[in-house]
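**Q** So the sequence lines, in the order shown, correspond to chains A and B.
In terms of the numbering used here, the first sequence opens at residue 1 and continues consecutively.
In terms of the numbering used here, the second sequence opens at residue 1001 and continues consecutively.
Derived from the structure by calculation, the hints contain no laboratory data.
Note that CB positions come from ideal geometry on N, CA and C, so glycine has one too.
Don't take every hint at face value.
Now the in silico label distances, taken between C-beta atoms and shown as ranges [claimed, not checked]:
no.	chain 1	residue 1	chain 2	residue 2	range
1	B	Ile1160	A	Ala4	20 to 28 Å
2	B	Trp1035	A	Asn122	16 to 24 Å
3	B	Leu1083	A	Thr58	42 to 50 Å
4	A	Thr35	B	Ile1160	41 to 49 Å
5	A	Leu34	B	Ser1169	42 to 50 Å
6	A	Ala108	B	Ala1023	55 to 63 Å
7	B	Gly1062	A	Gly151	26 to 34 Å
8	A	Glu92	B	Gly1062	41 to 49 Å
9	A	Arg124	B	Trp1035	52 to 60 Å
So the derived list for chain A, only partly shown, Cβ under 8 Å to chain B, looks like this [what the hints assert, rightly or not]:
no.	residue
10	Ser5
11	Arg6
12	Leu20
13	Ile27
14	Leu34
15	His121
The following residues of chain B were derived to be distant from chain A, with all beta-carbon distances above 12 Å [said to hold, decoys possible]:
no.	residue
16	Ala1009
17	Ala1024
18	Gln1028
19	Val1034
20	Ala1052
21	Leu1056
22	Gly1067
23	Leu1083
24	Ala1158
25	Leu1159
26	Val1175
27	Arg1193
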Amino acid sequence: MSRASRWVGRGLFAALALLLAANIVWIVRDWAPLTTVTVPTGAAAPDLRVALLDGNFTRIADARGRVLVLNFWATWCPPCREELPGLERVFERYRDRVNFLAVSTEGADARALVARFAHDHNLRFPIALDDGLGSQLYHVDTIPQTFVIDGAGRVARHFHGAVSESDLARALDDALAR
Amino acid sequence: MSFAERIGAVLIAPARAMEAAAAAPAGQGARDVVWLVAARLVAGEAPRLVRAGARLGALGFGAGVQGFAAAASQVLPDVVGILIAAMLMSLFTPVREKASDAKNSNDSKSDSTGKAQNIAESRNGDSKKGEAKKQRAASVDVAAYAWVPYLAVELTGALIFTALGRVPSPAARYVTDGIALAWAALVWALGLRALRRAGAGA
């Protein structure tokens, strides 16, 4: 019995080793997408077409020539909710010179929920709904994240996590001064 | 018994393995299963760990830690399951009394002085606490081994779907989880019986 037990135990370890081997093959094959975790500063911001809350569509490339603040968020995310009032104030201050787009990662199905949230929190900046493509293109796997994209369509700053009003304003001043 | 034998025995001779686990030195089962959980984390979540490493390099310490925590959280349900199983096991296992304690108690009853009775009661109290602690440790060990069948089924399922190059359908996932939980529950029940027997025999 103990011999059989030993072999069954070894079989379980072998299964773990096999699973690891399969994952290593997958890691080697998909190394680039797996290890690319952000759009680096200075790189071209990927173009993205997203649906706005009012049903119209907008593209990142449409903002070319103006600085753009691209924020990824969700209604259920506490740091996003904390960050939104500051984002709204920065929007009010810079709206004449800067485009804003807050992309909710909850998908098109959450349109009513996001619209109600925006109304309840008096959010006036444009809000879009992402079905996953935006998060994929910008490598957003945690939220909130904010990208400041300069007039040439390049990523000027990237904030990982909630961004403070003052940091965002400073980044916008820098991007506008270029 | 070697590590491989202990793990294998849980799968092919669970009743005997649970009796051995109940009688084994405290902490052995927990230690064995901690190794298995770590191996399961590395083997099953290697892509997430690599991505967390990339996040650490590109985005800094906080983002890296967040990535590693997200990878580690994949085995959290297993760990929580083991702890809940251990808690339930210790609830259903009465605290055993050592034969020597029972003797102390009887001696003090026959002793005419109250002082002797107080000393014996105090000794019995300490001993009972010690026994309860030991029994809690044994519950964790036995409950930890009951997780091994769950791991075996989930691992087999993962390997089959990897070999097929397919993502398991929700129905396939339910069937796998059902078999894994049923087998783990059966071994858990055998473990409970072994612990109760060990308690009665002490």
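**Q** Broken hints, numbered, in rising order?
**A** The structure breaks hints 2, 4, 5, 8, 15, 16, 20, 21, 22, 24 and 25; every other hint is satisfied.
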